[in-house]
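A.B. asks: Based on the sequences and whatever the hints tell you, model everything.
Just so you know, the sequences run in chain order X and S. Numbers 1 to 215, taken from my numbering, label the letters of the first sequence in order. Numbers 1 to 163, taken from my numbering, label the letters of the second sequence in order.
Keep in mind the hints are simulated off the structure, nothing from the lab. Remember, it's a predicted structure, so these values are computed and weren't measured experimentally. Hints are not guaranteed to be accurate.
[Claimed, not checked] Footprint (simulated), chain S over chain X, 3 or more residues, beta carbon under 8 Å:
1) 105–112
2) 149–159
3) 176–184
[As the list claims (entries may be wrong)] Cβ-to-Cβ under 7 Å is the rule here; a few derived chain S residues that face chain X:
4) Gly13
5) Gln14
6) Arg129
[To be verified] Cβ-to-Cβ under 8 Å is the rule here; a few derived chain S residues that face chain X:
7) Lys34
8) Arg49
9) Arg53
10) Val55
11) Gly56
12) Glu61
13) Phe139
C-beta: ideal position from N, C-alpha, C; glycine also.
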Amino acid sequence: MRVDGQERLQSGSRLFGQALRRIQTGDTSSDCEALLREAMPILRSAMNHLEDTPLFEKAHQRLDQVGRLARENFRSGCALTYDKGSYHQQCPVSLAHNRVGLSIEYILRASECSICHQDPDDCTHITGRTYDGEECIQIITDAELTGTALVGRPAFADARIESVGMPTDELRETLGPKFSPGDTTVYCDRCLSNCDGVTRPFEESGHGRAAGVEL
Amino acid sequence: MPHLLTVIPGVPGQVGLLVDNRVPYPESTRDFVKSAKQAGFDIEYAEPRDERRYVGFKALEDWLPVIVVAKELLIGVESGLLVELLKAYLSPAEARLDHEENAAAEIDATEVPTEVHSPGGALLHVDWRVRDGDKESQFLADGDPESVIRALAQFEQSIRDES
Numbered sequence: 001m002r003v004d005g006q007e008r009l010q011s012g013s014r015l016f017g018q019a020l021r022r023i024q025t026g027d028t029s030s031d032c033e034a035l036l037r038e039a040m041p042i043l044r045s046a047m048n049h050l051e052d053t054p055l056f057e058k059a060h061q062r063l064d065q066v067g068r069l070a071r072e073n074f075r076s077g078c079a080l081t082y083d084k085g086s087y088h089q090q091c092p093v094s095l096a097h098n099r100v101g102l103s104i105e106y107i108l109r110a111s112e113c114s115i116c117h118q119d120p121d122d123c124t125h126i127t128g129r130t131y132d133g134e135e136c137i138q139i140i141t142d143a144e145l146t147g148t149a150l151v152g153r154p155a156f157a158d159a160r161i162e163s164v165g166m167p168t169d170e171l172r173e174t175l176g177p178k179f180s181p182g183d184t185t186v187y188c189d190r191c192l193s194n195c196d197g198v199t200r201p202f203e204e205s206g207h208g209r210a211a212g213v214e215l
Numbered sequence: 001m002p003h004l005l006t007v008i009p010g011v012p013g014q015v016g017l018l019v020d021n022r023v024p025y026p027e028s029t030r031d032f033v034k035s036a037k038q039a040g041f042d043i044e045y046a047e048p049r050d051e052r053r054y055v056g057f058k059a060l061e062d063w064l065p066v067i068v069v070a071k072e073l074l075i076g077v078e079s080g081l082l083v084e085l086l087k088a089y090l091s092p093a094e095a096r097l098d099h100e101e102n103a104a105a106e107i108d109a110t111e112v113p114t115e116v117h118s119p120g121g122a123l124l125h126v127d128w129r130v131r132d133g134d135k136e137s138q139f140l141a142d143g144d145p146e147s148v149i150r151a152l153a154q155f156e157q158s159i160r161d162e163s
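C.D. replies: Here it is in structure tokens:
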């Protein structure tokens, strides 16, 4: 997981460096913006994979730098999405600051061992251990999804919220009487301000604890 | 002779959870039992295979199976038994050194020990019980592996001190 995170951090940083050099030479083309937009989900993923490591903050700071550079030079790409009557925040930079993940709950009906392809009840191989160079994994062949919980640390690092609705009333209050839902383009200014840090609202919650959500 | 350790249905912290009107086991159970057996522990399920149901959660946490051990059996064997049982799951190579003779026949020769870690994640959920006739002492813990091991060692020592 950490190796994946480091690779993502390096990849996102390379894209950031390429875009920064272009901007410094006066290039504000769509190709340049594309580099920054491409770096955003990669660096968000780097944060997910580097959680609880010293490199997490490095990935966080790099993502903030990408966000600021994009917002300062390519504002049109920082508009909130309008869909089905409401605005949505889908920017990886903004979403990455809320450290919440998704964890499914399921009834395991049937599975097989990746090493011997028997039912794990019938073999001696242990998930996560390596046999003749091959890591044993459990292949789930039949399961019943029973719920999803909001957790601080999902097993799949990138199992995250991809879109957050923005209450229209709050936008109207902020933007004044000229605000017309759907017609008004709403730009996110988050990256123009200094970062307040990440929030961790689900550190103490999860399956069977407060804030679990049944589907 | 009764088995030293018995895995009973239940998921730590998930009271009232039922599957097909049965109390389920956490997904980690089979790996936990295998690692314990390979490390030389005498451990068995309370229910036959066709009556067991399993549930899984995809948080970076690890719900261990609920285990019952008789006090008279616990204090009759070497100290730190429960701690070694947990280490067998978390750190297969380390635990195997202590139980190598007993376990030699069951270890797969092709298996390469991996680093010390919690297979399911950073946070452990444990519900283990020591029975003494009608009386039961319960070890409940939610925390990182090192903290849980420390607390488990204290729990085990308190059981020994009672006797």
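A.B. asks: Identify every previously stated hint that the structure contradicts and give their numbers, smallest first.
C.D. replies: Hints 3, 6 and 13 not satisfied by this model.
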